[in-house]
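Novice: Just so we're aligned, residue 35 is where the sequence shown starts under the numbering used here, counting upward by one.
Errors might be hidden in some of the hints.
Derived DSS-like pairs: lysine-lysine, alpha-carbon spacing no greater than 25 Å straight-line [claimed, not checked]: (1) LYS198 - LYS157; (2) LYS246 - LYS271; (3) LYS246 - LYS157; (4) LYS198 - LYS246.
Read the hints as simulated data drawn from the structure, not as lab findings. The structure presented is a predicted model; accordingly, all values stated were derived computationally and were not measured.
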Amino acid sequence: MSQDWVARSLRSVWHPCTQMQHHETVPLVPVSHGRGVWLYDHDGKRYLDAISSWWVNLFGHANPRINAALKDQLDRLEHAMLAGFTHQPVVELSERLSALTGNVLGHAFYASDGASAVEIALKMSFHAWRNAGHGDKQEFVCLEGSYHGETIGALAVTDVALFKDAYGPLLRAARTVSSPDARNAREGETAEDVARRAALDVERLFAERADKIACIIIEPLVQCATGMAMHDPLYLKLVRELCDRYQVHLILDEIAVGCGRTGTFFACEQAGIWPDFLCLSKGISGGYLPLSLVLTRDEIYQQFYSADIRRGFLHSHSYTGNPLACRAALATLDIFREDDVLNRNRARAERMTAALAPLAAHERVANLRQRGMIWAFDAVEPDSALAATFSRRFFTEALQNELLLRPIGRTVYLMPPYVMNDEEIDGLAARTHTVFETVIAA
35 MSQDWVARSL
45 RSVWHPCTQM
55 QHHETVPLVP
65 VSHGRGVWLY
75 DHDGKRYLDA
85 ISSWWVNLFG
95 HANPRINAAL
105 KDQLDRLEHA
115 MLAGFTHQPV
125 VELSERLSAL
135 TGNVLGHAFY
145 ASDGASAVEI
155 ALKMSFHAWR
165 NAGHGDKQEF
175 VCLEGSYHGE
185 TIGALAVTDV
195 ALFKDAYGPL
205 LRAARTVSSP
215 DARNAREGET
225 AEDVARRAAL
235 DVERLFAERA
245 DKIACIIIEP
255 LVQCATGMAM
265 HDPLYLKLVR
275 ELCDRYQVHL
285 ILDEIAVGCG
295 RTGTFFACEQ
305 AGIWPDFLCL
315 SKGISGGYLP
325 LSLVLTRDEI
335 YQQFYSADIR
345 RGFLHSHSYT
355 GNPLACRAAL
365 ATLDIFREDD
375 VLNRNRARAE
385 RMTAALAPLA
395 AHERVANLRQ
405 RGMIWAFDAV
415 EPDSALAATF
425 SRRFFTEALQ
435 NELLLRPIGR
445 TVYLMPPYVM
455 NDEEIDGLAA
465 RTHTVFETVI
475 AA
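Construct the entire structure; sequences and hints are all you get.
Specialist: Written out as structure tokens, the structure reads:
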């Protein structure tokens, strides 16, 4: 049965982020159902979802509490336009998220996916400066190796050649500054030293062009798609100070790193700062339904508040603030509160880090690192031809060991759901080690 679904999918579906020809040799897994941290195919084989289905699933597949909330919402309201109307789930979700920022941020603006949230934040920044009489502030700044999505605006502030180069003629050029990636440490440097050095690069740019720069966008603490590049929270604190000094908006893309993934609900909490715009998606709905949003400061909201419709923010899409997605997000927030998730995750993280210790000592492993519920390491592969195929080979071998793992180049990472038990944690670590040994030996 599984092979029938695979054949039908290959005939009819164009799969994302995929060179489709690779499926001549790389398996396509037809999922039948999910339970907890496991996905099952139609033949009964199971796979531990160690990357949370692209970083979205927080509390396991078919979570009974989120299921119950959605079933209840289905009988109340499936959707209504948010222009001229409102509804209970979107109001309650907006209020609760603002409260989590101490009401520093609010006025949630909703979309569907992470890239759309980034588009919204970029447009809001530019438009707010224009409404304030600073129409020359039109430039965007991003970090080396940054990834913020694949719509045109989001791709313009992405610095991953594989995704960006083909569409270069379509994109508005952005300014790029050094990454605070702790792996860039010179001899004798700490992660804080790298953060200070990267912040100096921002300061030099701001000193030269702040009158032209609208905003800088950062994925705080972990730049995920560039290979889980982790940096010290000091960097965020220093950039916040620079943005205040030079009058530049700070956008934090917490699409992948928010919702507890880095150890605090919002990653920026670890730096003791708040941005001007905060983008959320992925885990906010528990991995159930497409939902994204942007939170911003009241003073920015006030720049749009006017009798003149031209000063309004006229961005929209039909499913903005969908009640089902918002209800899933409210159920997700309930689980965080009722289950003391952040504290329980600290215990899970300690156990996983200890279980990965034998892998950390492997001679072909470099830079094993961890931040909250994210672990990553870089495979040392001197042969360039083997390095080029490492990710596909690792993915295929992982499936043979009941694991869903999808390396980024030579970077193997774990971003599992927050519901793993001790047996699943130990098994994930041990099997990751086994897979790595097999792939390196080959």
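Novice: Decide if the proposed pair is consistent with the structure: LYS198 and LYS246, CA atoms, cutoff 25 Å inclusive.
Specialist: 24 Å, holds
Novice: With the threshold set at 25 Å, check whether the alpha-carbon distance from LYS198 to LYS157 stays at or below it.
Specialist: 20 Å, holds
Novice: Are the Cα positions of LYS246 and LYS157 separated by 25 Å at most?
Specialist: 15 Å, holds
Novice: Within 25 Å, alpha carbon to alpha carbon, are LYS246 and LYS271?
Specialist: It holds: about 22 Å lies between the C-alpha atoms, which stays within 25 Å.
When held up to the earlier numbered hints, the structure conflicts with none and fits them all.
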